[in-house]
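Residue numbers (the numbering used here), protein chains in the order written: chain A, 1 to 410; chain B, 1 to 410.
Hints in this document: simulated from the structure, not taken from any laboratory. The reader is advised that the hints may include incorrect statements.
Since the list can't tell identical chains apart, any single copy or any two copies may satisfy a pair.
[What the hints assert, rightly or not] With a straight-line Cα cutoff of 20 angstroms, these simulated EDC-like cross-link-like pairs (lysine to aspartate or glutamate) come out:
| # | residue 1 | residue 2 |
| --- | --- | --- |
| 1 | K379 | E238 |
| 2 | K359 | E139 |
| 3 | K379 | D99 |
| 4 | K97 | D60 |
| 5 | K143 | E54 |
| 6 | K379 | E78 |
| 7 | K179 | D44 |
| 8 | K97 | D300 |
| 9 | K379 | E82 |
| 10 | K143 | D129 |
| 11 | K97 | E188 |
| 12 | K97 | D129 |
| 13 | K97 | E332 |
| 14 | K97 | D161 |
| 15 | K379 | D110 |
| 16 | K97 | D384 |
| 17 | K179 | E11 |
| 18 | K379 | E229 |
| 19 | K179 | E50 |
| 20 | K179 | D73 |
| 21 | K97 | E82 |
Protein chains: 2
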Amino acid sequence: VQVELLTTGSELLLGHVVNTHTAFLGRELFALGLRVGRQVSVPDGPAIGEALAEALGRADLVIVTGGLGPTSDDVTREIAAELLGLPLEFDPALLAKIDGYFTQRGRPADPLSRSQAMVPRGAFVLANDVGTAPGLALEAQGKLVVLLPGPPRELQPMWRDAFVPWFRARGDRPPLFEKNWCIVGIGESRVAQRIEAPLRVLGLPEIGYCARPGEVDLRLVSGDAALLERAAAVVRAEFGDAIATERHETLEGLVVRLATARGWTVATAESCTGGLLGHRLTNVPGSSAIYRNGWITYADTAKTSELGVPAALLAPGGPGAVSGEVARAMAEGARVRAGADLAVAITGIAGPGGGSAEKPVGTCWLAVASARGTEVVQKILSNDRETFKQMASQTALDLLRRALQIETSV
Amino acid sequence: VQVELLTTGSELLLGHVVNTHTAFLGRELFALGLRVGRQVSVPDGPAIGEALAEALGRADLVIVTGGLGPTSDDVTREIAAELLGLPLEFDPALLAKIDGYFTQRGRPADPLSRSQAMVPRGAFVLANDVGTAPGLALEAQGKLVVLLPGPPRELQPMWRDAFVPWFRARGDRPPLFEKNWCIVGIGESRVAQRIEAPLRVLGLPEIGYCARPGEVDLRLVSGDAALLERAAAVVRAEFGDAIATERHETLEGLVVRLATARGWTVATAESCTGGLLGHRLTNVPGSSAIYRNGWITYADTAKTSELGVPAALLAPGGPGAVSGEVARAMAEGARVRAGADLAVAITGIAGPGGGSAEKPVGTCWLAVASARGTEVVQKILSNDRETFKQMASQTALDLLRRALQIETSV
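Just chain A, with the same shape it has in the complex (with noise of 0.2 angstroms):
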């Protein structure tokens, strides 16, 4: 099967938005046992047209981001249902649930939505639950045509709950196996070099490093059932307690649902990162169960006000504020204050300035605090700011899995 992609507008050609749909299907793609040949970009407007009657002059399935929305410079639909020789017929059903979307939140249908409500026929709509463009997958002329919507919070749940499982059932491919890693703190070059000699001679073929700041996800994929549990049993004695999990899970969720599970609370302390773990942890549906306080002192009064960390230990001549010590009375701190089974704190230099050479941009240190006692670590990490927040973060969120996994099984 030769696929492309087609991301469509102007934003992605002037640099205002970084095309994350490209990546994002690749791998998802991948996943489906196809990839992709060609991704082209062009700008709203005709190019779009010439861009597709390209692709279909090339590929069985194209898949085409942007230009569903309600406004003049989205013909995407158009263009396809024309190219496919589909007509467009207006659907009653999908425009009334495109006018819920609105006056769920109380606001009153917007006229454009009309446009969006008009079906290439024979289309199988792709529902919106995030926006109101709906996705189509339209078939025709031995081809499939998908058409997705641009912004990435509507694409990336409209994939994979309602391309996947309509594409799947179609059922025409034999069946692919696959296995998925999260392997955190160890990079993915270093990850490369200890698995892919002896995965080759087991004969696995398809191997997937999907690398993110802290982590590398290692996809295996295979048509062989047995000899992907025998790649597996390699991965895990590599890897051992590096792996985090092997579910399709994000470290926060992986905390979160350890946590549950216990019936423990986690509170969290950040400087350098500045909300960050407090944002992913709270990100999980559910997560107030087991998370109820968290502080973000930035300053160095805040450090001392809010979590009683000594004020000597900041004063000139102390360890200062980018130290283990105060990790560590960060981490007590909040975890008397909240009264949490378990409290993390997060204290470093995320740049580009406050760096030295005692103490280099990237410097971080944290610390978990639990009944056992409180653990102490340092790492060095990336010396740019959104990289180092990232990395920093899920590093806490390694130091709280393990600490939950220590008497729990996962």
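Once you have looked at the hints, place chain B on chain A.
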């Protein structure tokens, strides 16, 4: 001038790497008065030659990224030289420079480097100060082809330090003008409804929208500066103080900039956003000058113990955690405890659980407290958890920037 980008590398299409070149080069080319008409990604291998031949059939300037390294899948240089009919010639000075890269780092010279010292006849060599692969600018058959290395940390300085000065020196081209607005609290289709007709009357052809949770970025582009000014006046008159900024900056960047200019400090009290607001503020370098304290009071008990929210407000029969009274008490409590000039509070129902007929998922109360008093606002936002959090933090940032703009002009 027709411009196309060809970004090569299987890792882009497998989703192992997000393509940031397109956004970077799109912005950079725009600043040179050029717009990218199409961007194509293809895997390593023969697809590069096909895609480059097609691009040369359409465009005057083609920029190719990736495939300049020393290994067998790095074939861009050879393919481009062949398509343009330029023989490759060995450049001993270039090899000496590449070898110097290794010796400077105490490593033996790489025997594979010789391929990187092969230069198509007449090409301009773009120095690589960060890695070994030089870039190349090739002119032939009325086309300009620019070959750049794949790693962003090599490509970006090479572009700015080597390509742009060389390109500018070749002579000038007509400028394009651009204006941007960040409009908060009005949906994309309502923004479009309100301005498309008057802008069409003016004769402005290019209107771009980029919708994000809680904001619409509006962009007007024209080669006619006077026309663009008239269009800008229409936009300003229509949207007034819903326009947060006309600069290329985030809302959190704007808040930090305004607060810094004013010498004010800001505190945050978050319930449903769980730290996202603090995270966004601390993504801005220099935010420590204005941000010292944040609280994540996720549980009712935390709101009372940390921020002094009266327990009666949270008890049965009271207005409850998601109410204007509690938002006000959180903001005022945070302002006093932090000794801050401004404090903002967010409490709401992010879902999926916790909603009721009276307070559905998506309900959000916010308050901003200053020496002038406290303003309380209710919003019904998305019923998708992450979108809700994003929109709630966006609304809080908008309240802060409005409070900061009251007596400051942007």
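A quick look at each hint next to the structure:
1. K379 - E238: neither (22 angstroms within a copy, 51 angstroms between copies)
2. K359 - E139: Neither. Shortest intra-copy (59 angstroms) and inter-copy (43 angstroms) distances fail the 20 angstroms Cα cut-off.
3. K379 - D99: between (51 angstroms within a copy, 19 angstroms between copies)
4. K97 - D60: neither (31 angstroms within a copy, 47 angstroms between copies)
5. K143 - E54: within (13 angstroms within a copy, 23 angstroms between copies)
6. K379 - E78: neither (53 angstroms within a copy, 35 angstroms between copies)
7. K179 - D44: between (38 angstroms within a copy, 18 angstroms between copies)
8. K97 - D300: neither (51 angstroms within a copy, 36 angstroms between copies)
9. K379 - E82: neither (56 angstroms within a copy, 41 angstroms between copies)
10. K143 - D129: neither (27 angstroms within a copy, 47 angstroms between copies)
11. K97 - E188: Between copies only: 19 angstroms across, 44 angstroms inside.
12. K97 - D129: within (10 angstroms within a copy, 56 angstroms between copies)
13. K97 - E332: neither (51 angstroms within a copy, 41 angstroms between copies)
14. K97 - D161: Only inside one copy: K97 and D161 sit 17 angstroms apart there, 53 angstroms across copies, limit 20 angstroms.
15. K379 - D110: between (51 angstroms within a copy, 19 angstroms between copies)
16. K97 - D384: Between. Shortest inter-copy distance 16 angstroms satisfies the 20 angstroms Cα cut-off; intra-copy 43 angstroms does not.
17. K179 - E11: between (35 angstroms within a copy, 13 angstroms between copies)
18. K379 - E229: neither (34 angstroms within a copy, 51 angstroms between copies)
19. K179 - E50: Answer is neither: 37 angstroms inside a copy and 28 angstroms across each miss the 20 angstroms cutoff.
20. K179 - D73: between (41 angstroms within a copy, 18 angstroms between copies)
21. K97 - E82: Neither: 25 angstroms inside a chain and 56 angstroms across chains, both beyond 20 angstroms.
Of the numbered hints given earlier, the model fails hints 1, 2, 4, 6, 8, 9, 10, 13, 18, 19 and 21; all others are met.
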